[in-house]
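Listed below are the residues making up each chain.
2 protein chains.
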Amino acid sequence: MTEQKATNVHWHDGEVTREDRSKILSQKGATLWFTGLSGSGKSTVAVALEQALTAKGKLTYRLDGDNIRLGINKNLGFSAEDRTENIRRIGEISKLFVDVGVITLSSFVSPYRADRDLVRELHKQAGMDFIEVYVDVPLDVAEDRDPKGLYKKARAGEIPNFTGISDPYEEPLNAEVVLNSHEMTLEQEVDILLQIMTDRGLLAA
Amino acid sequence: MTEQKATNVHWHDGEVTREDRSKILSQKGATLWFTGLSGSGKSTVAVALEQALTAKGKLTYRLDGDNIRLGINKNLGFSAEDRTENIRRIGEISKLFVDVGVITLSSFVSPYRADRDLVRELHKQAGMDFIEVYVDVPLDVAEDRDPKGLYKKARAGEIPNFTGISDPYEEPLNAEVVLNSHEMTLEQEVDILLQIMTDRGLLAA
Chain A
16 MTEQKATNVH WHDGEVTRED RSKILSQKGA TLWFTGLSGS GKSTVAVALE QALTAKGKLT
76 YRLDGDNIRL GINKNLGFSA EDRTENIRRI GEISKLFVDV GVITLSSFVS PYRADRDLVR
136 ELHKQAGMDF IEVYVDVPLD VAEDRDPKGL YKKARAGEIP NFTGISDPYE EPLNAEVVLN
196 SHEMTLEQEV DILLQIMTDR GLLAA
Chain B
16 MTEQKATNVH WHDGEVTRED RSKILSQKGA TLWFTGLSGS GKSTVAVALE QALTAKGKLT
76 YRLDGDNIRL GINKNLGFSA EDRTENIRRI GEISKLFVDV GVITLSSFVS PYRADRDLVR
136 ELHKQAGMDF IEVYVDVPLD VAEDRDPKGL YKKARAGEIP NFTGISDPYE EPLNAEVVLN
196 SHEMTLEQEV DILLQIMTDR GLLAA
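Chains as they are written, first to last, in our numbering: chain A, 16 to 220; chain B, 16 to 220.
If you're looking for bench data, these hints aren't it; they were derived computationally from the structure. Watch out, some of these pointers could steer you wrong.
Where chains are identical, the list cannot tell them apart; a pair therefore holds if satisfied intra-copy or between any two copies.
As the list claims (entries may be wrong) - Below are the EDC-like pairs computed for lysine to aspartate or glutamate, each with C-alpha atoms no more than 16 Å apart in a straight line:
| # | residue 1 | residue 2 |
| --- | --- | --- |
| 1 | LYS168 | ASP132 |
| 2 | LYS71 | ASP35 |
| 3 | LYS38 | GLU186 |
| 4 | LYS38 | ASP81 |
| 5 | LYS89 | GLU100 |
| 6 | LYS73 | GLU30 |
Work the whole structure out from these sequences, hints included.
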């Protein structure tokens, strides 16, 4: 856990509660955490789920490597230490979003088990729903897709610390959902996710 | 501006837009940034505004020094450098919240003009509403209130870099709203804020 440097601070209980916001939204906040190799299909299924939920009038937001790294985490690189701090901050932001009541779709390679487990623990401590979604495809499938041309660059040695090539991906051991995107339709993937959300009572206040 | 370390990233346009979320919420996202001395009454008015907006069915969220410093910014202290990074990160989070569609009430001493101006600029670049609310009371009024006993400790030398005592507070030059909380009722303060939000069309989709 990151050291607590600031003293003289204590949690400020808002007068308006998470439950109040949940009633306004007719939903409960939750984090769906999509993890998997670059090119595994994390963003594709997150975008499709976002569309399906929006059509139902639900409030969602997608956090992903691109928009986060251009903003709050622009001062972080791809060393192991920076990757950990990257995921820690995103976990804290996801938690704030869940407190607002947003269905938060966090889509990050997030290759290290310990980092994902920290985010899970942060949510658990706050009594928040956390659903780990492992988008699991073989490396050669992801590399064949190579939608951003990153594997090619990594193989050429142009990108250091590239997950799957020169940096490890630690598979989830207890993900709530595993999606083999190369063997399923997008519609099937979305249905599985909507089902677990319904089962958990997230789509009502 | 903070150096952009991560490369190979580009803004990921979501398929669901800010406008879609605004329609679901029947409001527009905006940041109201409350700045002023410790004890000036920032949190008090932010809480009262939050209650008033919630009663109207609007989705709000308060970010404040206490809840942020226990979470995402727990690895930051109170040096000038850490204060700047603290406000930068909060500005980026506020921006994400506005993108969701939330009326975001960010309540921080935020003593440095350059830091507040950076947050304003971040919002401006993204076409987002940013309303700086200067809660302006004389130092002796804030120190008399001393709700957390911090001035007493600062005067005793127990807290270094304490704004107003051993660290500067740089007054806003062009705040959209100035509230002299020692000369106004809370109701008057809330009314002023609701009026500017109505004038800007934030309380409708």
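So, going through the hints one by one against the coordinates:
no.: 1; hint: LYS168 x ASP132; in the structure: neither (30 Å within a copy, 39 Å between copies)
no.: 2; hint: LYS71 x ASP35; in the structure: between (20 Å within a copy, 12 Å between copies)
no.: 3; hint: LYS38 x GLU186; in the structure: neither (37 Å within a copy, 39 Å between copies)
no.: 4; hint: LYS38 x ASP81; in the structure: neither (32 Å within a copy, 25 Å between copies)
no.: 5; hint: LYS89 x GLU100; in the structure: both (12 Å within a copy, 12 Å between copies)
no.: 6; hint: LYS73 x GLU30; in the structure: between (24 Å within a copy, 15 Å between copies)
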